[in-house]
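Enquirer: What follows is the residue order along each chain.
Protein chains: 2
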Amino acid sequence: VQISELADRSGVPLARVKFYLREGMLPPGLVTSATRATYDDAHLHRLRLIRSLTSVAGLPLARTRKILEVLDAPEGSVESMLGVAVAALSSEGDPTSGLTTDRSAYPRAFAALDSLGEGYEPRMPAIAQLEVALAAVDEVGIPATSERLAVYGPHVRAIAEAELAGIPVDGTAAVEYAVLGTAMYEPVIAALRRLAHQCIATRPA
Amino acid sequence: VQISELADRSGVPLARVKFYLREGMLPPGLVTSATRATYDDAHLHRLRLIRSLTSVAGLPLARTRKILEVLDAPEGSVESMLGVAVAALSSEGDPTSGLTTDRSAYPRAFAALDSLGEGYEPRMPAIAQLEVALAAVDEVGIPATSERLAVYGPHVRAIAEAELAGIPVDGTAAVEYAVLGTAMYEPVIAALRRLAHQCIATRPA
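So the sequences go chain by chain: Z and C.
Read in the numbering used here, the first sequence has 51 at position 51, and its numbers run on one by one without any break.
Read in the numbering used here, the second sequence has 177 at position 177, and its numbers run on one by one without any break.
There could be a bad hint or two in this list.
Any copy will do: because identical chains look the same in the list, a pair fits if it lies in one copy or spans two.
Below are the DMTMM-like pairs computed for lysine to aspartate or glutamate, each with C-alpha atoms no more than 25 Å apart in a straight line [stated by the list, open to error]:
hint, residue 1, residue 2
1, K66, E139
2, K66, E118
3, K18, D170
4, K18, E139
5, K18, E118
For the record, the hints were derived by calculation from the structure and aren't laboratory data.
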């Protein structure tokens, strides 16, 4: 299809499609004349992915680009690609740095992982994100006690295991699925939790 | 203490403290002369609460004000106050409207609750928030199947029950605790889930 139809079908404005082409985030079309190129389903899929990551999940361009790079240049195992891509969702820290042992930089987060025991490792950048979140609850006077963490730990872990168990076998599809699933299901889980809080709060004692 | 010390101790800029006083969100101090007033621990507590809700939880002023109104004019049971205050956290819908039966406005959310069964009611505005979140996952091609919902439902419900079981007995303190806990623990849970995803993703098969 022509670029204008690609824009229509993806729901991405034409100027934006041209921008993604210039930036190399969308691969060039097949050149058919001096001024024309055609685009196929792979382009449409790619545009929808970019749109999901930026507009729907709200990721900044730099982190969207990082995820696309992982998809375009599969390096190492599917597992390590998954790790880097999921890490790229977070604004804190470096998505490629992996495990950290710097306890003093993340005192609350390390203490929380100690209290949770098996199954959670201090991986960047989620560990930095956890530190920020724990500092905030400390500040409002509802600290994450080990009793509270003991509730979250196993339930969150069970959710994450079930989510990743359904992943496709193909490497690139797996990375896409994992990244979108991690980002896009946060609001679903938050809405269910608020709904549960409201139901429990308004339940006659 | 004087207003300048109140600002220092709360971490809220002086101009902002004066704004909250003008808006009635912070009650007036005890007038000690024509140009002076003093403030006590209740003022400090209130300022810290406003700061937590706006800066830390990121709530807009209108919804922060709604929560303060519930705290200031306790009406009805603690349960109904809790429901209104927790509902006021969400941007979608009217926090005072409670249960809804309008299935056609929230088709995905109602279908999800049908699939979850007991324990979740269609309460505004969380049901509107759920509809938006479910539409987004549909759009990226990872729909919330009943298998997936069957994973989230009981785990999220168990988390919510444990969270609200620890609530203080006193009415106003209970509302403060529930609202802050609901809002401020969302990032903690999200960080733990991302950490779990990273750990599972990078685990050797």
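Enquirer: How do K18 and E118 come out at 25 Å by Cα distance, when the copy is not named: within, between, both, or neither?
Expert: neither (48 Å within a copy, 49 Å between copies)
Enquirer: Regarding K66 and E118, is the shortest C-alpha distance of 25 Å or less found within a copy, between copies, in both, or in neither?
Expert: neither (30 Å within a copy, 42 Å between copies)
Enquirer: Could you place K18 and E139 in one of the four classes (within, between, both, neither) given a Cα distance threshold of 25 Å?
Expert: between (46 Å within a copy, 23 Å between copies)
Enquirer: For K18 and D170, with the copy left unspecified, which applies at a CA distance of at most 25 Å: within, between, both, or neither?
Expert: neither (30 Å within a copy, 59 Å between copies)
Enquirer: Up to 25 Å between alpha-carbons, please classify K66 paired with E139: within, between, both or neither.
Expert: between (33 Å within a copy, 22 Å between copies)
Hint compliance for this structure: hints 2, 3 and 5 are broken, all remaining hints hold.
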